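> Residue strings, one per chain:
Number of protein chains: 2
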Amino acid sequence: MRIKVVWPGKTKDLNIRELQEYYLKHINRLGRCELVETKAAKGIHERYSKKILNFEAEELERYLEDSYIICLFHKGNEMSSEEMAVFMENKSVQVPRTMTFVVGGFLGVADRLLKRADYLLSLSRMTFSHELTRVILLEQIYRSLSIIKGKKFAK
Amino acid sequence: MRIKVVWPGKTKDLNIRELQEYYLKHINRLGRCELVETKAAKGIHERYSKKILNFEAEELERYLEDSYIICLFHKGNEMSSEEMAVFMENKSVQVPRTMTFVVGGFLGVADRLLKRADYLLSLSRMTFSHELTRVILLEQIYRSLSIIKGKKFAK
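Order-wise, the sequence lines are chains D and C. Under the numbering used here, think of the first position of the first sequence as 11, with each following residue one higher. Under the numbering used here, think of the first position of the second sequence as 11, with each following residue one higher.
Just so you know, these hints were derived from the structure itself, not from any lab. Computed from a predicted model, the values in this text were never measured in an experiment. Hints should not be assumed to be uniformly reliable.
Identical copies go unnamed one by one, so any copy, or any two together, can satisfy a pair.
Said to hold, decoys possible - Restricting the straight-line Cα-Cα distance to at most 30 angstroms, the calculated cross-link-like pairs of lysine-lysine (DSBU-like) are:
hint, residue 1, residue 2
1, Lys20, Lys61
2, Lys60, Lys35
3, Lys159, Lys22
4, Lys101, Lys22
5, Lys35, Lys101
6, Lys85, Lys101
7, Lys49, Lys22
8, Lys125, Lys20
9, Lys159, Lys60
10, Lys52, Lys101
11, Lys159, Lys49
12, Lys22, Lys35
13, Lys52, Lys20
14, Lys35, Lys20
15, Lys101, Lys60
16, Lys20, Lys101
17, Lys101, Lys61
18, Lys22, Lys85
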């Protein structure tokens, strides 16, 4: 199973960035996961949100290629960690392409990416900060791979 | 609104602990929130899970007093961040006691605490590590208070 995770801009919070590295390292002991932090929109005022989202979408799209795209979206489908493990395992057999998780920036993700996505995933009914979302997603990917590999996961 | 958060044992992961402090500091700019890290069970083998859960429950109970108890539980009720804000605001009027959030340790929480709780809250259908759960909860409390105070919340 080849996994890719893409999001706009380097994580700014240093603690979150370290947690991100921690989970990435652990994921890569169980599988192959590449993280791509694409160019974030800079110098555009927040009121031009469409411009920001479009710029970020263009950058994200450069890394999607023909992969199976799972886009994080608050109105997406929720699943338990066990269900996510089954989902990932099934998809890796049915669709033997890279599985790419897309996480939006601080304004979310452009509509056209939502439309292009093969699957919309919601981590929770709650809203998390976009940087915290990154860590939560990586922890879930690690947890899913651990479940798939039948390893005991640290509680 | 007086808020208390209790969980067994000091957070071990240093990055998670710093994030925890960060959110606590921000929460305390908007309200009053006390964190109590109670004694964790030590030196008991994981196979004696009931013993661990009982020990931790006894320690947690020392800080519950007559508060309104919200216990985190994976089969609890899910809500959006906006719903949580409304919930907290309503409860603080209806039940003018301290609102205490209880987060279980790595084995979860003892049944008797679930029974004693006034409300069972689930952050997600997914399972998060118990230390990551702490940060996610604090971020949600901060987000809820920000919504209540009508402040613009960092995305």
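> Compare the structure with each hint and give your call.
Verification of the supplied hints:
no.: 1; hint: Lys20 x Lys61; in the structure: within (19 angstroms within a copy, 44 angstroms between copies)
no.: 2; hint: Lys60 x Lys35; in the structure: neither (34 angstroms within a copy, 33 angstroms between copies)
no.: 3; hint: Lys159 x Lys22; in the structure: between (32 angstroms within a copy, 26 angstroms between copies)
no.: 4; hint: Lys101 x Lys22; in the structure: neither (32 angstroms within a copy, 35 angstroms between copies)
no.: 5; hint: Lys35 x Lys101; in the structure: within (23 angstroms within a copy, 42 angstroms between copies)
no.: 6; hint: Lys85 x Lys101; in the structure: both (21 angstroms within a copy, 27 angstroms between copies)
no.: 7; hint: Lys49 x Lys22; in the structure: within (13 angstroms within a copy, 34 angstroms between copies)
no.: 8; hint: Lys125 x Lys20; in the structure: within (25 angstroms within a copy, 44 angstroms between copies)
no.: 9; hint: Lys159 x Lys60; in the structure: between (41 angstroms within a copy, 28 angstroms between copies)
no.: 10; hint: Lys52 x Lys101; in the structure: neither (36 angstroms within a copy, 42 angstroms between copies)
no.: 11; hint: Lys159 x Lys49; in the structure: neither (34 angstroms within a copy, 34 angstroms between copies)
no.: 12; hint: Lys22 x Lys35; in the structure: both (19 angstroms within a copy, 19 angstroms between copies)
no.: 13; hint: Lys52 x Lys20; in the structure: within (12 angstroms within a copy, 39 angstroms between copies)
no.: 14; hint: Lys35 x Lys20; in the structure: both (17 angstroms within a copy, 25 angstroms between copies)
no.: 15; hint: Lys101 x Lys60; in the structure: neither (32 angstroms within a copy, 38 angstroms between copies)
no.: 16; hint: Lys20 x Lys101; in the structure: within (28 angstroms within a copy, 39 angstroms between copies)
no.: 17; hint: Lys101 x Lys61; in the structure: neither (33 angstroms within a copy, 41 angstroms between copies)
no.: 18; hint: Lys22 x Lys85; in the structure: within (26 angstroms within a copy, 33 angstroms between copies)
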